[in-house]
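2 protein chains.
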Amino acid sequence: MPLEPAANVLSQNCPSRTVLRHLTDRWTPLIVTVLANGQPLRFKSIKEKVEGISPKVLTETLRSMERDGLLTRTATASLPPRVDYQLTPLGLTTVEPIRALRLWAENHLEEVEANRQRYDALVAA
Amino acid sequence: MPLEPAANVLSQNCPSRTVLRHLTDRWTPLIVTVLANGQPLRFKSIKEKVEGISPKVLTETLRSMERDGLLTRTATASLPPRVDYQLTPLGLTTVEPIRALRLWAENHLEEVEANRQRYDALVAA
DNA sequence: GGAACCAATTACCTCAAGGTAACTAATGGG
DNA sequence: CCCATTAGTTACCTTGAGGTAATTGGTTCC
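Protein chains in written order, with the numbering used here: chain A, 1 to 125; chain B, 1 to 125.
Heads up, some of the hints might be wrong.
It does not matter which identical chain is used: a pair holds within one copy or between any two.
As the list claims (entries may be wrong) - Straight-line alpha carbon distances no greater than 25 Å define the calculated DMTMM-like cross-link-like pairs of lysine to aspartate or glutamate that follow: (1) K56 - E4; (2) K44 - E110; (3) K49 - E66; (4) K49 - D120; (5) K56 - E96; (6) K47 - E111; (7) K44 - E111; (8) K44 - E113; (9) K47 - D25; (10) K56 - D120; (11) K44 - E60.
Keep in mind that the hints were calculated from the coordinates and are not lab data.
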């Protein structure tokens, strides 16, 4: 059994780059965030919590995550129809990294904005 | 002193969303990765380590990171010219979250690819 | 007999991120 | 005289992610 060559996102053709890009897609971190506790959520409910996402893009992003094995999709043929999405064990392992990234953005917002103002003032001068 | 309203990336107009998007720009995690040890690197050196990035986009991304206060740019008027980039203390606080994300991508690559094959086989059927 | 409900799908459009290629300034080296 | 070097800039183009709006289907509610 040969050892796999180590994946390395710095390498031009390493497929781990696409994995990283999926993980950092515009809406993926937000969807992981609302599913983070492991409980299933319905399509409509996700759409409400992730403010501003369109149904088309939500469907696309959920499909992509399902394909990568991050979540499961369970359709119930009830009336009205019901579809539940739930993170898989693999998906749950992304929760902590994504949570850290999200918290960084939320907690350093003011500092970043202050830096921008300083920079823009310098450049204008 | 009024308390700041808590930032929340799930809110449509919360400016923390743009901070998160910057952090997850196509090249930002890779640039943070090569600067992660805190040592300054020259433009050319970054360009070589982050395989495939064009000089234009590297300049743009570095400028954006400098504006947000993640790194400093130090130009030396020597010949040939020399410009060093180095993570700031703020930038260094992104290293761990980004490292976790990168490691996830690299370490779960095979599992993700296996899931994709399974999914595509099912959908084709 | 229409409206509401849910989870989409479809067709279409837009825009900005990113890519490509050529060019610049300043100077030392052959 | 011309090339190499470094860190870009400029003009231009492409692409694909994402947005918008309308539509579907089956059933119950009014």
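Original post:
Between copies, within a copy, both or neither: which fits K56 and E96 at Cα up to 25 Å?
Top reply: neither (27 Å within a copy, 33 Å between copies)
**OP:** Using 25 Å as the alpha carbon limit, work out where K47 and D25 are close: within a copy, between copies, both or neither.
**Re:** both (16 Å within a copy, 23 Å between copies)
**OP:** Evaluate K44 and E60 at a C-alpha cut-off of 25 Å and name the case that applies: within, between, both or neither.
**Re:** within (14 Å within a copy, 38 Å between copies)
**OP:** Go through the copies and call it for K56 and E4: within, between, both or neither, with a Cα cutoff of 25 Å.
**Re:** neither (37 Å within a copy, 34 Å between copies)
Subject >> Homo-oligomer pair classification [D120, K56; C-alpha up to 25 Å] >> reply: Between copies only: 20 Å across chains, 37 Å inside a chain, cut-off 25 Å.
Original post:
For the identical chains here, do K47 and E111 meet the 25 Å Cα criterion within one copy, between copies, both, or neither?
Top reply: Neither. Shortest intra-copy (30 Å) and inter-copy (28 Å) distances fail the 25 Å Cα cut-off.
Original post:
Are the CA atoms of K44 and E110 at most 25 Å apart within a copy, between copies, both, or neither?
Top reply: The answer is neither: 32 Å in one copy and 32 Å across copies each exceed 25 Å.
Original post:
How would you label the pair K49, E66 (within, between, both, or neither) given a Cα cut-off of 25 Å?
Top reply: For K49 and E66, the Cα distance is within 25 Å only inside one copy (19 Å; across copies 32 Å).
Original post:
Is it within a copy, between copies, both, or neither that the alpha carbon of K44 lies no farther than 25 Å from that of E111?
Top reply: neither (35 Å within a copy, 29 Å between copies)
Original post:
Between copies, within a copy, both or neither: which fits K49 and D120 at Cα up to 25 Å?
Top reply: neither (34 Å within a copy, 29 Å between copies)
Subject >> Intra/inter-copy verdict for K44 and E113 if alpha-carbon distance must be at most 25 Å >> reply: Neither way: K44 and E113 sit 33 Å apart in one copy and 29 Å across, limit 25 Å.
In summary, the structure is inconsistent with hints 1, 2, 4, 5, 6, 7, 8 from the numbered list given earlier, while agreeing with the others.
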